[in-house]
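One line per chain: the protein sequences are A and B, in this order. Count the first sequence with our numbering and you get residues 2 to 212, in order. Count the second sequence with our numbering and you get residues 2 to 212, in order.
Note that these hints are calculated values from the structure, not bench results. Some clues are possibly wrong.
Stated by the list, open to error - Part of the chain B face toward chain A, derived, beta carbon under 10 Å: (1) Ile36; (2) Arg38; (3) Leu42; (4) Phe176; (5) Glu201.
From a predicted model like this one, the values you see are computed outputs, not experimental measurements. Positions of the beta carbon are idealized from the N, C-alpha and C atoms, including for glycine.
Number of protein chains: 2
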Amino acid sequence: MASTEGGDFNPYRRAPQPLLVVISGPSGVGKDATINRMRELGYPFHFVVTATTRPRRPGEVHGQDYFFVSTDEFTAMIEQGELLEYAVVYGEYKGIPRAHVREALSSGQVVIMRLDVQGAATVRELVPDAVLIFLMAASEEELARRLRARRTESPARLEKRLATARQEMAQMANFDYVVVNRDHHLDDTVHQIEAIIMAERCRVKQRHIEL
Amino acid sequence: MASTEGGDFNPYRRAPQPLLVVISGPSGVGKDATINRMRELGYPFHFVVTATTRPRRPGEVHGQDYFFVSTDEFTAMIEQGELLEYAVVYGEYKGIPRAHVREALSSGQVVIMRLDVQGAATVRELVPDAVLIFLMAASEEELARRLRARRTESPARLEKRLATARQEMAQMANFDYVVVNRDHHLDDTVHQIEAIIMAERCRVKQRHIEL
Numbered sequence: 002m003a004s005t006e007g008g009d010f011n012p013y014r015r016a017p018q019p020l021l022v023v024i025s026g027p028s029g030v031g032k033d034a035t036i037n038r039m040r041e042l043g044y045p046f047h048f049v050v051t052a053t054t055r056p057r058r059p060g061e062v063h064g065q066d067y068f069f070v071s072t073d074e075f076t077a078m079i080e081q082g083e084l085l086e087y088a089v090v091y092g093e094y095k096g097i098p099r100a101h102v103r104e105a106l107s108s109g110q111v112v113i114m115r116l117d118v119q120g121a122a123t124v125r126e127l128v129p130d131a132v133l134i135f136l137m138a139a140s141e142e143e144l145a146r147r148l149r150a151r152r153t154e155s156p157a158r159l160e161k162r163l164a165t166a167r168q169e170m171a172q173m174a175n176f177d178y179v180v181v182n183r184d185h186h187l188d189d190t191v192h193q194i195e196a197i198i199m200a201e202r203c204r205v206k207q208r209h210i211e212l
Numbered sequence: 002m003a004s005t006e007g008g009d010f011n012p013y014r015r016a017p018q019p020l021l022v023v024i025s026g027p028s029g030v031g032k033d034a035t036i037n038r039m040r041e042l043g044y045p046f047h048f049v050v051t052a053t054t055r056p057r058r059p060g061e062v063h064g065q066d067y068f069f070v071s072t073d074e075f076t077a078m079i080e081q082g083e084l085l086e087y088a089v090v091y092g093e094y095k096g097i098p099r100a101h102v103r104e105a106l107s108s109g110q111v112v113i114m115r116l117d118v119q120g121a122a123t124v125r126e127l128v129p130d131a132v133l134i135f136l137m138a139a140s141e142e143e144l145a146r147r148l149r150a151r152r153t154e155s156p157a158r159l160e161k162r163l164a165t166a167r168q169e170m171a172q173m174a175n176f177d178y179v180v181v182n183r184d185h186h187l188d189d190t191v192h193q194i195e196a197i198i199m200a201e202r203c204r205v206k207q208r209h210i211e212l
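Using the sequences plus the hints, can you model the full thing?
In structure tokens:
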């Protein structure tokens with residue numbers, strides 16, 4: 002019988018490879034709620050915290066939900082090349098600190114990043130083997146209702162977000178997976194994302210993540 | 002706001018497409034146990050029953066586990082072109098009735114077929130977009146132990162199956178996914194297969210199944 006301890010290639014020994022998962026989708030689709038629920042349920046993953054200049058929303062924790070920084074601090078990070086990607090979204094800066102992603106990947110855990118659709122497209126170019134998940138609402142009506150419920154959006158701003166969402170929906174084709182985040186079905190959304198991660202870990206052709 | 006009822010392309014309406022899943026792997030790896038457990042747990046799928054000339058094992062039900070047919074009946078099915086694929090495995094015929102697969106796919110359910118590694122390779126050629134899952138044991142020792150536990154194998158036959166398994170492991174690269182079916186962890190195996198199916202249903206680029 003062939004030894005399973007030999008030094009030669011052994012198909013019984015498959016080393017798990019790092020997995021970089023991007024959760025994206027239009028504004029208001031529920032990216033934050035989804036990631037928070039995954040955390041609550043104790044799903045093991047490393048979440049890469051985005052740096053942003055946007056104001057903190059009630060309940061958000063610095064260093065856990067976002068790094069809330071000033072525009073000056075953000076500009077300094079850009080100049081020092083510390084960001085994997087960054088963008089101006091609705092007049093506010095958002096960016097991913099490169100060092101955090103590297104550290105997270107080296108831990109061997111699944112690394113999850115939350116990105117707007119524009120940021121996801123950038124990551125697709127930088128890291129072609131990242132797993133890109135597009136989160137969408139069940140309908141534009143649900144999306145509008147959620148944005149209104151935030152009460153942080155002026156009518157003009159809301160209309161702009163909906164118009165952007167329509168454009169972003171057309172970019173779905175550049176993603177690997179699409180998950181519908183239905184009202185009152187957050188756990189189904191989380192379950193589908195977990196299934197995608199589990200399936201990706203079973204892929205024969207493993208992904209190569211280099212930053 | 003864009004209507005979600007319009008006749009134009011609507012990204013909020015994605016029709017689920019048929020999914021053809023092949024569960025394969027070396028003899029003794031647990032293909033039958035896995036599919037039986039999925040059935041017990043009530044997972045919704047349509048199982049395509051294989052026709053075979055091999056003797057019925059204790060507990061196996063005709064028409065549910067296999068169609069147990071004579072060599073004459075099998076030869077007639079080959080001659081009438083009724084089989085999607087067939088092969089001689091360890092001196093016995095095994096084949097998939099084409100009509101069953103077509104019927105199952107038209108039901109819209111996930112269609113699952115159990116095939117030996119040779120049969121899976123044939124299906125890959127016939128239906129390139131089928132989802133191929135390679136089931137493997139955690140080690141060759143576990144595989145040998147399971148084959149011995151069947152008590153239907155002579156020592157020579159057992160050694161032949163293990164030699165074949167070694168060759169079949171090398172064909173894993175032609176599969177989409179690999180799932181390790183560990184002793185006493187059948188539910189983990191089932192959970193991973195269900196995750197793969199759920200993830201495949203979330204794929205943006207949908208698979209095209211034609212027979």
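(Q) So, as I understand it, the hint says Glu201(B) touches chain A; can you test that by seeing if any CB pair is closer than 10 Å? (A) It holds, given that the least Cβ distance between Glu201(B) and chain A is near 7 Å, below 10 Å.
- Let me know if the C-beta of Ile36(B) comes in closer than 10 Å to any C-beta of chain A, holds or violated. Check failed: Cβ of Ile36(B) comes no nearer than 17 Å to chain A, outside 10 Å.
Query raised in the report: Under the criterion of a CB-CB separation shorter than 10 Å, is Arg38(B) in contact with chain A as hinted?
Result: violated (17 Å)
- When the least beta-carbon distance from Phe176(B) to chain A is tested against 10 Å, hint result: holds (5 Å)
>> Leu42(B) was flagged as interface toward chain A. Is the shortest Cβ-Cβ separation under 10 Å?
In response: violated (15 Å)
Comparing the model with each numbered hint stated earlier shows that hints 1, 2, 3 do not hold.
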